[in-house]
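Those protein sequence lines, which keep their order, are chains A and B.
If you read the first sequence in our numbering, its first letter stands for residue 1331, the second for the next number, and so on.
If you read the second sequence in our numbering, its first letter stands for residue 8, the second for the next number, and so on.
None of these hints come from the bench; they were simulated from the model.
Glycine is no exception: its CB is placed at the ideal position from the N, C-alpha and C atoms.
Keep in mind that the hints are not guaranteed to be accurate.
Pairwise CB distance ranges (calculated) [unchecked claim]:
hint : chain 1 : residue 1 : chain 2 : residue 2 : range
1    : B       : Glu-130   : A       : Arg-1336  : 35 to 43 Å
2    : B       : Leu-138   : A       : Arg-1336  : 31 to 39 Å
3    : A       : Asn-1365  : B       : Tyr-104   : 32 to 40 Å
4    : A       : Pro-1431  : B       : Ser-98    : 46 to 54 Å
5    : B       : Glu-130   : A       : Gly-1383  : 49 to 57 Å
6    : B       : Glu-94    : A       : Ala-1358  : 43 to 51 Å
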Amino acid sequence: MEMNKRERLLAAGIDLDSALERMMGNEALLERFLNRFLDDPNYGMLAAAVESGDAEGALTASHTLKGVCGNLSMQRLFDLLTRQVAALRAGDFAAAREMMPQISQAYAEVTDAIRG
Amino acid sequence: MYSDTILIIDDDLFNRGILDNLFSPYYAVEEAENGRVGLDKILASPEHYCAILLDVVMPEMDGLEVLRRLNDLGYLERLPVFLITAEAVESTMREAYRLGVMDVISKPIIPYVVLRRVNSVVELFRARKRLGAVVQQQHSQLLDQAQKIIELNQGMLEALSAAIEFRNGESGEHVRRIHDITKFLLTHTPLGEGLSEEDIESISLAAVMHDVGKIAIPDAILNKPGKLTPEEYEVMKTHTIQGEHLLEKIPQLKDHRTYRYACDIARHHHERWDGRGYPDGLKGEEISIWAQIVSLADVYDALSCKRVYKDAFPREKVLQMIRDGECGVFNPALLEYFFSVEGELSKLYDHGEKKSDEKGDKTISEGK
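Required output: the full structure, derived from the provided sequences and hints.
The structure is reproduced here in structure tokens:
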């Protein structure tokens, strides 16, 4: 992985060492997964569900996205989604909605860093 | 050969990819994208997998439901299932353990931890399977050996009894026939009702030992060609009690199922239905049915064969003598059952040919 990209990913809150360890040091696999993250539909589904007030759909999408972020060690995004899932589980849809700008920003940072 | 295939059931492509990457250097890895697909794969060939890695939240069928089905089928005894979950909340874990999950691993996974936990359990299950096979094999070897010991015991008892028979000029065939007649009457007539197959084996073996007390009777009396004097007869009669005492002195026999039958038969095979037998003068039902059977078999055999004091009688004569009570008084029901199958029993003898009983190749057909 080129130095610049490494820096960018680290800056976007991705713990590369931890992610690589999970891939047993398989860098090619990590890059493939990062690229595949760009096509993952869950962020779009989350945004749409929150927009339309669909609490159940929001929970499913947020939970799934959280899992993916955990696997790729996208720490900042993972922490935000963990809190959002907790809020949705607790039935606090308003709190979950209020978190969306932060989540959107963290998501944009991560995807921008991957795209380069 | 042991299975080395791991099945990953997870709807998330990333999770499957990570686990696949982690395990594929050591195992064959298969994937299923939801609970239903995974369950179908397991049901299609349960022996094919050595471990299942199972996500909880999935479309179609969730992980707990897969676990529940496998538990209901009893598969979890042989197939370790690991629940891999992002929400290791207590209620999920409790339910999973209740349903027989092997371990609960939280997501995102820590690779070396998962690898170690799964490896240990797979190795444990393999060892258990291996040991199970060894135990099974040893068990059947033990059964074989037990059977051989039973046969040896039986052989020893028959040899002892036959050796005693030799003393009064009979071959071992007498005891063999008493065994066969007793067993035949117990298995082919209602006389054996209420007795298990094992009881019948024990009784038939005990019948072999009915005359062991004769070892204590002096040759001069035992082998006297003519009629015994009253005093000699009294001595002769003691072979019943002597037999029981002798059997009581064999400590190994006391634990044997056949022991109480053997003592009873040795002591009471000369009792009579009318109470005029010896040594105890038991009457009617006071005499056990097995002692009654051996008593009749002994008379039947003695009449049918040449003895030191007499020739063999023709079959019709034998039956008439028994019917007329010339050789003892028997239970009428016992006689009825005896006569009903005597046609088969008579095949043991060369009736009317006045041969001694030296030929030992006669058997009764065992057709039921």
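_Within 49 to 57 Å: is that where the Cβ-Cβ distance between Glu-130/B and Gly-1383/A falls?_
holds (52 Å)
*Do the Cβ positions of Glu-94/B and Ala-1358/A conform to the proposed distance bound of 43 to 51 Å?*
Check failed, 31 Å falls outside 43 to 51 Å.
*Take a look at whether the Cβ-Cβ distance between Pro-1431/A and Ser-98/B falls inside 46 to 54 Å.*
violated (33 Å)
*asked:* Between the beta carbons of Glu-130/B and Arg-1336/A, is the distance compatible with 35 to 43 Å?
replied: The hint (35 to 43 Å, Cβ to Cβ) holds, given that Glu-130/B and Arg-1336/A are roughly 38 Å apart.
_Assuming the hint says 32 to 40 Å, is it satisfied by the Cβ distance from Asn-1365/A to Tyr-104/B or not?_
holds (38 Å)
*CB of Leu-138/B to CB of Arg-1336/A, is that within 31 to 39 Å?*
violated (51 Å)
Violated hints, listed in ascending order, are 2, 4, 6; each of the other numbered hints is respected by the structure.
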